[in-house]
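Undergrad: In case you want the letters, here they are:
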Amino acid sequence: MELNKDNNKSLSNAGSQLSVEREVVIKTDKLTKRFGDFIATNQITFEVYSGEIFGFLGANGAGKTTAMKMLCGLSKPSSGNATIAGFDIYRQTEQIKRHIGYMSQKFSLYEDLTIVENIQFFGGIYGLSDQQLKTKSNELIETLGLQKEANKLVNSLPLGWKQKLAFSVAVLHEPRIVFLDEPTGGVDPITRRQFWDLIYQAADKGITIFVTTHYMDEAEYCNRISMMVDGEIKALDTPADLKQKYAVSSMDEVFYELARGAKRNE
Amino acid sequence: MKQFITFVKKEFYHVFRDRKSLMMLFGMPIVQILLFGFALTNEIKNAKIVICDYSNDVTTQQIINKLEASKSFEVQRVVSDHFQIEKSFKSGDIKLVIVFPENFNRDLLHLNKAQVQIIADASDPNAANTLTGYATNVIRSYQQELSSNYSAPMQIIPEVRMLYNPQLKGATNFVPGVMALVLMLVCVLMTSVSIVREKERGTMEVLLVSPINPVLVIIAKAIPYLLLSVINLAVIILMSVTLLDMPVNGNIVLLFVESILFIITALALGLLISNSVESQQSAMLISMMGMLVPTMLFTGFMFPIENMPVALQLISNIIPAKWYYIIVKSIMIKGLGFASVWKETLILTVMAAVILVISFKKFKVRLE
Chain P
1 MELNKDNNKS
11 LSNAGSQLSV
21 EREVVIKTDK
31 LTKRFGDFIA
41 TNQITFEVYS
51 GEIFGFLGAN
61 GAGKTTAMKM
71 LCGLSKPSSG
81 NATIAGFDIY
91 RQTEQIKRHI
101 GYMSQKFSLY
111 EDLTIVENIQ
121 FFGGIYGLSD
131 QQLKTKSNEL
141 IETLGLQKEA
151 NKLVNSLPLG
161 WKQKLAFSVA
171 VLHEPRIVFL
181 DEPTGGVDPI
191 TRRQFWDLIY
201 QAADKGITIF
211 VTTHYMDEAE
221 YCNRISMMVD
231 GEIKALDTPA
241 DLKQKYAVSS
251 MDEVFYELAR
261 GAKRNE
Chain A
1 MKQFITFVKK
11 EFYHVFRDRK
21 SLMMLFGMPI
31 VQILLFGFAL
41 TNEIKNAKIV
51 ICDYSNDVTT
61 QQIINKLEAS
71 KSFEVQRVVS
81 DHFQIEKSFK
91 SGDIKLVIVF
101 PENFNRDLLH
111 LNKAQVQIIA
121 DASDPNAANT
131 LTGYATNVIR
141 SYQQELSSNY
151 SAPMQIIPEV
161 RMLYNPQLKG
171 ATNFVPGVMA
181 LVLMLVCVLM
191 TSVSIVREKE
201 RGTMEVLLVS
211 PINPVLVIIA
221 KAIPYLLLSV
231 INLAVIILMS
241 VTLLDMPVNG
251 NIVLLFVESI
261 LFIITALALG
271 LLISNSVESQ
281 QSAMLISMMG
291 MLVPTMLFTG
301 FMFPIENMPV
311 ALQLISNIIP
321 AKWYYIIVKS
331 IMIKGLGFAS
341 VWKETLILTV
351 MAAVILVISF
361 KKFKVRLE
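Sequence lines, in order, name chains P and A. In terms of the working numbering, the first sequence opens at residue 1 and continues consecutively. In terms of the working numbering, the second sequence opens at residue 1 and continues consecutively.
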């Protein structure tokens, strides 16, 4: 497949240390979601490989969140197929849930619980043992440098820290794939950079990152990106190849090129 | 199981860290008991009454003096014309008319028996009930005084008539009503708000993506409120026994079991509401308007259901609190056992089951 060849090239371009035989962890086939007459996601077909940072881009209303919700099992597809970590999204939702992490658009930790309590709660519902929980939470708090704040309520933290914490909690149970829905909304550039450091750390551990974003500088950080326009995937490649293809110098311009023809405006 | 315990623990954190709600939860029943028990007491002072005295003799005079001496009454005027009775009531400020028939004294002396009629304005049934009670007491104590002076027993038979509301059934005991109200508020309002809050904050999505069983989410949410409600119940009963001298005549275990049944019904209702709305405000509004107001109106502890139009009486049947109120009154005040409340218990059980089934079915595992 031509697409695959491109990927090989791009991944080496991006300096990724992935092995050559790459396992497919997300595979969709004409996945579609209709709300009445409105087709939110129209027959999207793509593959995401293990350990990859996959950027899922598109303007507001392009259907990104809908697609992501179907992949996470939050929304039932109208037609089409998909497998996540090898499990079918219609029949094996329970197995899928065990192997994915999710960070929603809204900040999704409990504000009235302390950092440690949040870690223990989310670790607990993923079935981590007490021993694991203890090790993991110590590790996490140390990585984030939150030793002093560990027993403070989450709502006393600045937004950037909350986001980092939410991400760390989402990968606490070492999922195969983690879905990030606009994780850095409203966060300053420095914190965003730090956030991406965390993403790279997780990817190095072999966790596949599936991320939606509006920030084109973030798109540059991804191994591959897909661009959604009006519910369809209009482009899918490495950032470098996309820039080359459209003969532009930044992802911003690629985005304009592709999104210009969009009919949906929000 | 461990997942479940983790979840319940988290719910308790939520409940105990929300100081305002917690204060309201425990403050409300205490305030209500105190309010209903003391401030909104049924005791009536200086009620204006009219005496219609056809006999006008020594005895009636003595009784009138007694009535006047009591703190409860203020004798407005003494008339001897029954047309005055209706006129007095129509004027509005007269609560009670006491009618002595002709030959009252003579009957009492010769037949050892005389009748007195007490007519009350029962458009306010609670007041009417209380006042006729007071009047009867005054007359009875006078009768006892008389009897001790004479060898033959003297009998004055008060005949009570309720005007405007002949079927009067006074809701003198408000404690069962407060119990129904508090449990309803705690369970419906708090559960629905707490589930909707997760939706609003986006944490519900995270929970639904996680492997935890959604049914466990719901049950774990209900547990703290179940526990708080039982504590509230104990506080209410304790307060009414110690402060209001209200007895628990029946089996207290049965009372708690029935209460837990009602709590489960209310929790199910809260769940149903939370499944149907998207914001905490609407959850609160629906709980207040849809649950609290009907509970106050239709349980019968504030307004007698018997006086309502038939349509409203029929509606009152679908209010779970109505049945719970009957159960509590029977057990607590009348001291009856399960045999006399099994029908109401069955109705509540069916209600709880139906609401639970609907709400579990409606609970969205996927956010569409």
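Don't read these hints as lab results, they were simulated from the structure. The reader is advised that the hints may include incorrect statements.
[Unchecked claim] Within a straight-line C-alpha distance of at most 25 angstroms, the following computed DMTMM-like cross-link-like pairs (lysine to aspartate or glutamate) qualify: (1) P:K76 with A:E278; (2) A:K9 with P:E139; (3) A:K113 with A:D81; (4) A:K199 with P:E111; (5) P:K245 with P:E257; (6) P:K106 with A:D81.
[As the list claims (entries may be wrong)] Which bits of chain A does chain P cover? Going by a derived footprint, with three or more residues having C-beta under 8 angstroms, they are: (7) 104-112; (8) 209-215; (9) 238-250.
Where a beta carbon is used, it is the ideal one built from N, C-alpha and C, also for glycine.
Undergrad: Tell me the numbers of any earlier hints that the structure contravenes, in ascending order.
TA: 6, 7, 9
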